Amino acid sequence: MYGFEALTFNIHGGYLEAIVRGHRSGLLTAADYNNLCQCETLDDIKMHLSATEYGPYLQNEPSPLHTTTIVEKCTLKLVDEYKHMLCQATEPLSTFLEYITYGHMIDNVVLIVTGTLHERDVQELLEKCHPLGMFDSIATLAVAQNMHELYRLVLVDTPLAPYFSECITSEDLDDMNIEIMRNTLYKAYLEDFYKFCQKPGGATAEIMSDLLAFEADRRAVNITINSIGTELTRDDRRKLYSNFGLLYPYGHEELAACEDIDQCVCHYLFQAKEICRSPSASPSVIGSYAIPWEMLMSWHS
Amino acid sequence: MAGSSSWSRALMQISPYTFASIGIAISIGVSVLGAAWGIYITGSSLIGAAIKAPRITSKNLISVIFCEAVAIYGVIVAIILQTKLESVPDSQIYAPESLRAGYAIFASGIIVGFANLVCGLCVGIIGSSCALSDAQNSTLFVKILVIEIFGSALGLFGVIVGIIMSSQATWPAKTA
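Each protein sequence line maps, in turn, to chains A and B. Quick note on numbering: my numbering labels position 29 of the first sequence as 29, and the sequence is numbered without any gaps. Quick note on numbering: my numbering labels position 127 of the second sequence as 127, and the sequence is numbered without any gaps.
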């Protein structure tokens, strides 16, 4: 009943909703950004940030400050708040919040595997990983030689295990394979997330469909542009596109056939125009398509 | 009563005291249900919002008090209704006057119970929104409080009609 939700929502979601609204009031405003723009040194930035919600996280840092320290501490604030919400959440919200971390997990896995391939130190790589995507056995990723071992040694115990069914091969890991692995994993993850969001229905399904469709389409365009000029065949490219989103299925056919950026942009704009004209597109989706168009135009020129 | 269906005869064989007692139970039970529902809706939002904005706690307890008032209406009406119960001699239990008194108390209980149920829900949901908006912008509190006052008037309407209903619950006089 899409009107009587207020009667029972607060049982599981009341406290967390109020916390999220509190966080929203802690976001930096335009005035804060103006102040930050006026700063000359990193210590000025620290001083301005100490008046905001980020203050407690930066106040114990000794000067001289480093840019990476500031970024790290501000990310730490996000991570702490996220973990607090994850602890307090009940099903299905807790599963939903965990799904959001899987994307970061995939990025961390690829970071470590690529770094190991290029002979970097594991500790150094671990520091670069996104904190939301950490899991216990992440350091053992460095010993895997091919994808089969990767799966068997480490990933079978993580939440990413179900996404691996399509990409277990015995080939050695090299740059190309790792990128293909990243995109295959991300594709499986997005589709799983999409299916999960459809189950509760209502506002979750509506809003998340739009957001995930946009993410799927953005990645499809990204894959296309990045694979122009490489040895990735059309069929392989086609396999990396997700099975949902507004560009599916006809836009994917067009994108798979693109050979240079101009073609890609033309096809994308054509699709985006068709999509925006269709009665099922919501204003949020149309708005979100306008932004990458500008990005594409800036690449083009 | 020749020609009446077996259902209506069955209904009229139920003692009016049953109906009256159920009415009293509903009046207090369902009012308290409404009040409790409203309080938990308000309370969970209030506690969460007070983490980032501790100043809102004392003012927003008013929403909880409005919800509590709904339960108090239920108690008051239940006490009034139970004073209307009188014993009648056996011969008079199924007399039309008795039945009328029983039904009047039953109806009064239902009126008050369900009016307070929805009033408690209404005040609770508004109270939750009041706490959340007060945390963002403190000028909104008084304006949303006005909405809440209108909402709590609904319970009062129920109480008024319930008391009027029950005032005509006169049992037949004991004949010598």
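Hint data in this document are derived by calculation from the structure and do not stem from the laboratory. Keep in mind that this is a model prediction, so the values were computed, not measured. Backbone N, C-alpha and C define an ideal beta-carbon position, used for all residues, glycine too. Check before you lean on any hint, since a few could be wrong.
Just some of the chain A residues that point at chain B, by a computed CB distance under 7 Å [said to hold, decoys possible]:
(1) I19
(2) S25
(3) G201
Legend entry - Indices of hints not satisfied (ascending): 3
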